[in-house]
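Student: Single-letter residue listing:
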Amino acid sequence: MINEFSVFRSIDKINDSTHLIKVYSPSIAASAKPGQFCNIKVSDNNFPLLRRPFSICDVNGDEIHFLFDIHGEGTRLLCNKKNGDTLDILGPLGSGFKIEGDYDTAVIVAGGLGSAPFPFLIKKLPANKKIVSFVGGRSKDLVLTYGLKNVFTATDDGSDGFNGTVVELLKMELENFSKNKIRIFSCGPNPMLKALQLFSIQNNYDCQLSLESAMACGFGICQGCPVESADGESYLLVCKDGPIFNADQVKL
Amino acid sequence: MINEFSVFRSIDKINDSTHLIKVYSPSIAASAKPGQFCNIKVSDNNFPLLRRPFSICDVNGDEIHFLFDIHGEGTRLLCNKKNGDTLDILGPLGSGFKIEGDYDTAVIVAGGLGSAPFPFLIKKLPANKKIVSFVGGRSKDLVLTYGLKNVFTATDDGSDGFNGTVVELLKMELENFSKNKIRIFSCGPNPMLKALQLFSIQNNYDCQLSLESAMACGFGICQGCPVESADGESYLLVCKDGPIFNADQVKL
Amino acid sequence: MNGIDLSVNVGGLKLKNPVLLASGTVGYGNEIAEFTDLNKIGGIVTKSVSLKPRKGNPPQRIVETPSGMLNAIGLANVGIEKFITEKIPFLKKYDTALICNIAASTVEEYVECVRILKDEDAIKAFEINVSCPNVKEGGLEFGNDLKAVGRITEKVKSVTDKPVIIKLSPNVSKISEFAKVVKQSGGDAVSAINTLVGTSFDINTRRPKIKNITGGLSGPAIKPVALAKVLEIKRNSDIPIIGIGGIMNWKDAVEMMIVGASAFQIGTVNFINPNAGLEIISGLAEYCEKHNIKKISELTGSYQI
Amino acid sequence: MNGIDLSVNVGGLKLKNPVLLASGTVGYGNEIAEFTDLNKIGGIVTKSVSLKPRKGNPPQRIVETPSGMLNAIGLANVGIEKFITEKIPFLKKYDTALICNIAASTVEEYVECVRILKDEDAIKAFEINVSCPNVKEGGLEFGNDLKAVGRITEKVKSVTDKPVIIKLSPNVSKISEFAKVVKQSGGDAVSAINTLVGTSFDINTRRPKIKNITGGLSGPAIKPVALAKVLEIKRNSDIPIIGIGGIMNWKDAVEMMIVGASAFQIGTVNFINPNAGLEIISGLAEYCEKHNIKKISELTGSYQI
Ligand SMILES: Cc1cc2nc3c(=O)[nH]c(=O)nc-3n(C[C@H](O)[C@H](O)[C@H](O)COP(=O)(O)OP(=O)(O)OC[C@H]3O[C@@H](n4cnc5c(N)ncnc54)[C@H](O)[C@@H]3O)c2cc1C
Ligand SMILES: Cc1cc2nc3c(=O)[nH]c(=O)nc-3n(C[C@H](O)[C@H](O)[C@H](O)COP(=O)(O)OP(=O)(O)OC[C@H]3O[C@@H](n4cnc5c(N)ncnc54)[C@H](O)[C@@H]3O)c2cc1C
Ligand SMILES: Cc1cc2nc3c(=O)[nH]c(=O)nc-3n(C[C@H](O)[C@H](O)[C@H](O)COP(=O)(O)O)c2cc1C
Ligand SMILES: Cc1cc2nc3c(=O)[nH]c(=O)nc-3n(C[C@H](O)[C@H](O)[C@H](O)COP(=O)(O)O)c2cc1C
Ligand code: FES
Ligand code: FES
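Protein chains in written order, with the working numbering: chain A, 455 to 706; chain B, 455 to 706; chain C, 42 to 346; chain D, 42 to 346.
Rather than coming from a laboratory, the hints here were simulated on the basis of the structure.
Any given hint could turn out to be false.
Stated by the list, open to error - Selected chain B positions facing chain A (in silico; Cβ < 8 Å):
1) Asn499
2) Glu527
3) Phe653
Said to hold, decoys possible - Cut-off 27 Å, straight-line C-alpha distance, at most; resulting in silico cross-link-like pairs (DSSO-like, lysine-lysine):
4) Lys250/D <-> Lys335/C
5) Lys215/C <-> Lys252/D
6) Lys536/A <-> Lys467/B
7) Lys705/B <-> Lys96/C
8) Lys476/A <-> Lys603/A
9) Lys536/A <-> Lys536/B
10) Lys467/B <-> Lys535/A
11) Lys55/C <-> Lys81/C
12) Lys252/C <-> Lys648/B
13) Lys705/B <-> Lys250/C
14) Lys57/D <-> Lys292/C
15) Lys123/D <-> Lys705/A
16) Lys252/D <-> Lys331/C
17) Lys705/A <-> Lys215/D
18) Lys215/D <-> Lys252/C
19) Lys81/D <-> Lys694/A
20) Lys536/B <-> Lys535/A
21) Lys188/C <-> Lys123/D
22) Lys694/B <-> Lys133/C
23) Lys476/A <-> Lys535/B
24) Lys648/B <-> Lys165/C
25) Lys705/A <-> Lys96/D
26) Lys55/C <-> Lys252/C
27) Lys331/C <-> Lys165/C
28) Lys123/D <-> Lys215/C
29) Lys694/B <-> Lys134/C
30) Lys648/B <-> Lys250/C
31) Lys633/A <-> Lys467/A
32) Lys221/D <-> Lys331/C
Built from N, CA and C at the ideal position, the CB exists for glycine as well.
Throw the hints in and build the complete structure from the sequences for me.
Tutor: This is the structure:
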């Protein structure tokens with residue numbers, strides 16, 4: 455975990471609402487793992503007060519990439535950065551995806567901005583793994599396939615790919631894969647993760663979920679980001695114990 | 455008084471620390487008088503919360519000009535504006551200089567950033583008035599003569615012009631003018647204004663002072679900007695009753 | 042706006058919409074009228090008026106703080122006589138409810154002020170300021186004393202039939218106790234909150250930035266506190282509440298109504314955006330339309346807990 | 042830093058500098074140690090520990106507000122047993138004063154906790170949290186009750202010789218009354234302030250953004266209130282004060298000392314800048330040098346009013 459004053463390098467629009475920013479941040483880039491995130495100070499003053507957490511979308515040499523939509527004031531300010539601006543970043547934070555193990559196919563399941571962590575994951579997966587990606591969105595222009603491989607899409611309104619949720623699509627398509635040889639990596643809105651969690655547990659799939667939560671610190675000192683453990687006995691911290699959890703670890 | 459969403463046109467450095475900004479603000483420009491000021495929202499959000507007051511430095515057609523130094527967060531943000539940005543301005547505010555009357559020579563006395571309102575005053579003075587300007591600063595690079603005429607300078611360290619305060623310089627030089635035919639227009643730090651006030655009252659000079667004060671609203675609703683009346687019986691409001699006062703109107 | 046009923050009734054005070062301009066933040070209306078159409082505003086609460094004119098505190102009176110400001114104006118006002126002869130005639134011209142805010146240093150003085158003003162037709166209600174943090178007498182001495190607040194309410198009610206609103210101090214442990222006392226003593230509504238006591242010092246001179254040493258904190262910084270106080274009152278009493286504190290836009294206003302306010306006042310925002318009241322009114326109407334709310338009063342206390 | 046003495050003594054608690062990390066904002070030190078050198082910090086106040094482990098409140102526990110944040114963590118902690126076996130050993134490794142913050146729901150429980158911990162050499166002082174706004178029992182029930190605070194102070198003092206600091210609630214009318222009671226009851230210092238009660242609602246769902254409904258407001262927004270409370274205590278009592286609330290940088294820290302703090306704690310800023318403590322220490326030293334202050338303790342209460 456490093457607090458690095460990074461240099462804003464570029465911003466590009468991926469589609470109407472989504473931006474990709476590239477930041478020169480050599481120390482964080484050197485130690486980052488897929489599924490980890492950074493907590494970014496989006497302004498030079500105390501407004502907004504808190505940092506904003508973003509998944510590491512990709513690492514390219516000394517650069518880290520982030521993928522985001524304009525949501526509120528913080529992302530609006532981030533979007534107005536100019537090349538050369540300094541960006542105060544804490545990272546890499548959190549646990550990251552477990553990549554090692556005995557599986558043939560990495561099944562990526564992403565909803566909306568949930569596609570963000572996967573370009574980096576795909577880059578880091580061992581070369582012998584097959585990859586298939588299921589991506590959902592409300593409509594065609596909200597389906598984010600940036601940096602993904604072998605993509606199947608689903609939209610709520612049927613404007614692209616399967617007409618329905620990405621988890622419904624997954625259920626149908628998974629029949630084509632042999633159960634014991636896949637591992638699911640997922641990230642997206644809570645209802646999607648919940649449906650996927652249920653499905654994975656019922657069917658005994660090996661499945662990792664990337665969770666979100668309101669956060670203050672992002673590294674375990676504020677206790678602001680709890681998620682209930684599966685047994686209901688304690689709270690885990692999304693920022694430190696996660697954001698990646700096994701599907702059977704948490705109660706959503 | 456208008457609340458005008460103006461367009462940031464340009465920013466130039468006048469010297470090491472002083473900036474001149476030009477803003478397209480046709481309605482305010484059309485009704486502005488010398489000595490008035492504007493209250494400017496320096497950001498698009500609630501940080502900083504309050505507007506920042508600045509003297510109208512000049513009006514050129516549809517444009518208003520402001521002259522300022524970077525002082526704190528507000529002026530720093532103002533300085534980072536880009537051409538084309540929108541600037542939310544309330545103006546023109548306050549009383550303005552009294553220009554009409556029976557005098558031959560307008561004597562301008564300015565200290566530091568106090569030079570700001572005078573380019574516009576000089577432009578608006580009747581053509582038959584003579585103009586002479588006394589400008590002080592701590593050292594040579596802090597003497598602001600932008601837009602002034604017939605300038606005499608004074609510096610605390612003697613690095614430019616007279617070695618001493620601008621009021622001391624004025625006292626010496628005024629002997630060359632016939633007392634009843636001059637009017638003093640002044641703006642600058644409080645100690646300068648105090649010295650000038652004393653001098654003018656003792657010698658019966660016709661003298662106007664431009665005051666500063668902490669301000670919230672800038673147009674008379676918060677009562678945050680009082681200055682005691684000369685008789686000590688009441689408070690006047692710098693924003694509404696001033697910022698221009700006759701030297702015998704107020705207690706500094 | 043199509044057919045959405047924005048009108049509210051706060052303890053007998055009828056307003057065409059719930060937006061009031063807070064005491065001390067619009068003077069007597071004349072200056073702000075240059076920037077906004079007062080005819081469209083629900084009501085104006087005048088700067089606290091006292092029996093005799095008050096000069097107010099010496100400068101510096103205000104200072105900016107993170108997302109807020111401190112003020113110690115010291116209840117500067119023209120006094121009740123000039124208020125009647127000079128200020129009411131101007132305010133009368135507008136089609137907006139006039140609420141007269143009164144400050145005093147004794148119970149008798151509150152009563153005296155209301156007695157003098159009660160027959161002024163233009164005045165639709167009285168707001169009794171028992172919570173100004175910036176004056177030596179009256180102010181918080183009363184605001185933090187349950188019995189004093191009860192007595193003031195009772196005495197003031199005994200001389201007027203107009204709605205009496207008591208403006209409560211947030212600088213107490215249990216504001217709902219005060220609201221209950223107001224209710225028991227015959228008060229028609231409470232307004233909450235006045236400013237929080239705060240201070241700020243210059244680290245070079247080591248002097249207070251505000252001459253009065255402490256001032257009252259207002260603005261967005263105090264919004265969470267104001268919301269909690271209003272919610273506390275709503276959950277513990279059934280007196281109508283006028284919510285105040287940190288409202289900058291229509292979203293803040295909706296939030297204030299959800300936690301329990303029947304109407305609300307905007308203060309500090311007037312200094313920054315003198316047209317905020319009108320913008321809030323149209324924001325409220327749009328919100329109601331979107332959420333299929335026919336009467337804005339349905340919002341009051343509609344929290345889902 | 043040349044020869045400036047940054048050390049302070051707060052009611053018997055000796056610190057190498059006045060910078061403490063506030064309870065609940067650094068856990069038990071291990072995570073923040075990755076970003077900053079704890080050996081340079083004056084002291085660490087541990088997350089409130091209670092007799093039994095506490096799970097804490099369900100999510101959502103925090104929300105951002107203008108220049109502040111609300112939290113309702115609910116005193117989640119490992120309990121005193123694990124604290125001794127797992128946390129103290131780690132904290133011992135650092136050359137910084139360890140102050141153990143204790144939360145409880147009865148007077149007896151406070152005493153019991155201190156009794157269990159009093160012989161832990163590593164613990165240099167106890168901070169008694171009588172002011173947590175986010176739990177049902179204990180917390181503000183005590184913090185707003187003069188007698189309870191007096192009793193707790195007395196009983197806790199009777200079982201330990203180590204300095205006892207009582208952490209006061211700002212949600213009261215006269216905080217100085219509480220400071221006086223602590224002094225009379227044998228307390229060594231007070232720390233002020235804990236968070237202000239606040240809330241925030243989602244205007245679409247009309248639900249509280251924080252599951253606990255209300256939370257504690259911290260951060261720059263509350264700095265003016267914290268300064269006013271510390272000043273009030275300083276002007277009315279001679280008990281040493283640890284100032285807390287909204288400190289983001291060395292300037293805020295200097296301001297806090299000027300109004301009366303002998304030492305101070307930084308909380309919310311740790312989430313944003315985990316190295317803030319060290320930056321504040323060097324800022325303080327530079328300030329002292331510039332203002333020709335030989336001992337930083339000269340700053341305490343050096344206001345010019
Ligand atoms: C581990 C993690 C990884 C994330 N990765 C990405 C990513 O790669 N791309 C992306 O676009 N977004 C991501 N998010 C969500 C992102 O943090 C929010 O979109 C962002 O904080 C919104 O800030 P704002 O100021 O624009 O919005 P506002 O709504 O104004 O923010 C107000 C407050 O709410 C918090 N908040 C708002 N939305 C969320 C959210 N969805 N999750 C957590 N806190 C929120 C903010 O942090 C802030 O404190 C991630 C969140 C987490 C926890
Ligand atoms: C009528 C009037 C005309 C002015 N004209 C000019 C001008 O033409 N050029 C120029 O450079 N400055 C001018 N000033 C001063 C200018 O308003 C301040 O420099 C500016 O507000 C500083 O803001 P900041 O955020 O950079 O500083 P900060 O110190 O961070 O501001 C903090 C707070 O203090 C207030 N403040 C700080 N300095 C002053 C000051 N000198 N007077 C009043 N309030 C202050 C700010 O408005 C703000 O509320 C004028 C002030 C007034 C009242
Ligand atoms: C400059 C100023 C002056 C005020 N004067 C008064 C007053 O005379 N009487 C009163 O009852 N409240 C007064 N208030 C308090 C406001 O009416 C309001 O309660 C407070 O500012 C909180 O609302 P806000 O956050 O919207 O400003 C004043 C507030 C400010 C900022
Ligand atoms: C997330 C969070 C958790 C906290 N937990 C505790 C706690 O367990 N015990 C306690 O006494 N104070 C607790 N506090 C209060 C802080 O110690 C401090 O008094 C308060 O945050 C004000 O300081 P600040 O503005 O610097 O944050 C907590 C504060 C925050 C923000
Ligand atoms: S965000 Fe602070 S502990 Fe997780
Ligand atoms: S600045 Fe508000 S009255 Fe002058």
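Student: Give me the numbers of the hints this structure contradicts, sorted from smallest to largest.
Tutor: 3, 14, 17, 21, 24, 26, 27, 28, 31, 32
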